[in-house]
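Dock chain U against the given chain P, drawing on the hints supplied.
Chains as they are written, first to last, in this note's numbering: chain P, 1 to 310; chain U, 311 to 669.
Read the hints as simulated data drawn from the structure, not as lab findings.
Facing chain U, according to a computed beta carbon distance under 10 Å, are these residues of chain P, among others:
1) Ala118
2) Ser119
3) Glu122
4) Leu123
5) Glu127
6) Asp136
7) Gly138
8) Arg139
9) Leu141
10) Pro142
11) Asn145
12) Gln154
To list a few chain U residues with every Cβ distance to chain P over 10 Å, as calculated:
13) Glu375
14) Lys408
15) Trp415
16) Asn542
17) Gly598
18) Asn637
19) Leu657
As the structure is a computational prediction, the values presented were derived from the model and not from experiment.
Heads up, the beta-carbon is just placed ideally off N, CA and C, and yes, glycines get one too.
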Amino acid sequence: MWETIVIQPFTNILLLIYSLVNNFGISIILFTILIRLITHPLTVKQFKATQSMQKLQEDPRYKKMQEKYKDDKEKLAQEQMKLYKELGINPMGSCLPTLIQLPLILGLYQSVTRAMAASPVELFKLEKIIYPWLGDFGRLLPLENQFLWMDLGQPERLTIFGFGIPVLAVLVVATTFLQSKLIQPPSTGNDQAAMMSKSMNIYMPLLMGYMAYSLASGLAIYFLTSNVFGIIQYAALGRVNWGNILPFLKKGDEKQPEKGKTRVVDAVSVDVDVDDEDDAPEPQKGSAQKTSSQKSTATKKKRPPMKRRR
Amino acid sequence: MKKSHLTLILTLMGLALVLSACASGVRVTGTPGLSISDDMVFVAYGNTMRGISTETGFDQWQFPEEVNNRIMFYAQPYVTDESIFVGDVANNFYKLDKATGKLDWTFSDAKGFFLGKANGEDTVVYAPSNDGNLYALDAENGDLLWSFKTGHYIWAQPVLSDDAIFVASMDQFIYAIDRKGNQIWAQEQEGAVVGNPALSDDGKLLFAGTTGKQVLALDAATGEQVWAFDANGSLESVWGNMILVDDVLIFSDSSGKIFALDSQMPTIKWQIEVPGAVVGGVVELPDGFAVASLENETSLVKTFDFDGGANWEASLSGEVFQAPVVNESLLVVGTLNGDNLLYAYNLTGVQVWSYNPER
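Chain P on its own, in the form it takes in the complex:
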């Protein structure tokens, strides 16, 4: 089923691209971009849903109910559902597009693996799934496995002065880190979410880097292309937070707190400072390091709101 619906068509598209460009490395790049373009509407939907959820978390009513029902999870859930309904938000809205995309991305990965066929058994199985009506692709097999300095069926190493340097693995770590940092939304003041996000920024690049280091370089090219295209995609949607990696691009009072110090900001001040909202760029609205909404709400009455720098 999975084979017929996903792997077979994907592999045939990949072979079709290969028959046009006659270079497997470039075929992987083009194929990855193609699939990312096809799933682009889902990505946009996911952005919008995530954005709505973020805005919701800044809603005073939402914060109020968090505080009010913090000891009654059931009631809190009921109230949240009411608010979702009222504001027309689907709480699963950001998950569904991801869930739909996941099998496609997995299929993309598997079809690249399948097309690399590094043994007679794998090549025979590849030949068997080629659509006969697409042309005599059998004559193209096995696909050319050399791309730049790489053997696409082997883990990549660039030998310089006798040292095998895993260039792709390094690039995959860097781009995965960049991607996760750049698309990281402004903190919504949820401590646990922020921690989780921080951990992901560290572990995910390392995991991807390890896989690029140890798996065939054809897959590392797929990881790299996917990351770079992901960044471009987010940038095109205006959802890249350059300030996350280039602090001097941060505007207004969005300066990072000093290392080791927690900067407590009055969350409510965002709602009050209506003037500021006009100045701040849309995605970063009210994002001024609200590292802990619950803490900040608790401290609201004790501390005067911090003034924003202009």
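Chain U only, in chain P's frame:
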């Protein structure tokens, strides 16, 4: 460590495992590589290379003695009177003692898997690699004598004649090289050569089947094509080995058709068909030949006389991708994903034993 961190790490580890599994674990999938001598069957599969008694089907030795998960074997071993030469997918090529499985030497300078069967003569062994090289090694100590680079994997066993070494590469070229590793000629084909080419008795013609749905005869001295056969367009890919018996070339294609051709000109002497795909090709028996065909995850071993008349057959579970191996009294076939790894039959078709390393 915080619980959330631990959960995250475990999730990512799980993801890594899933994705690694998607990439075939050790990055390649293969079938049992089989060879046979008078008293032992040699099977290279998974983490070990094993010597098994032809009489009992019991292990005689295994290499390495301690299982090493980094080592995987899929190549068909090349067996001489006293030694076994076999490569693994960790890019190592070994010489083992045939009687005990003890390691003699290891060659580790290749940059690709070893999936093809080696060949040898006197004190030189020729090892084909997935890095596109044919390595000529000193059989005594494993020293590299020379290497010959082709454009893709080499899966076919090199063929030796008095004048040249013939190498079929997956770059869709067949090469003839001299015994110093210099190219004599290179001839491009329409499709890759996976199975072993065959050389005529007088050494003048080289025959090869291709994934380009052709069988070719090349002039062994010049590489010029003498004839090409495609059964008027009905031939499918030829994946397996072919045999030459009294100037009759017998081979099979991936749709199960078996042809016997006059080797001097491509006229069909007879044609038969078996159900399923024949991937490993044809193996010669004392009084005929055998093929193993594959259909819907089950396989059929079928034997014929030299005129294409059917003898005995046996069905077995699992997929067979390599031609059976045969000695004077036994036919052994290796399966992938079957109930057993090996099945042994006497030459009248009675199953003598089966072998499963798990048991």
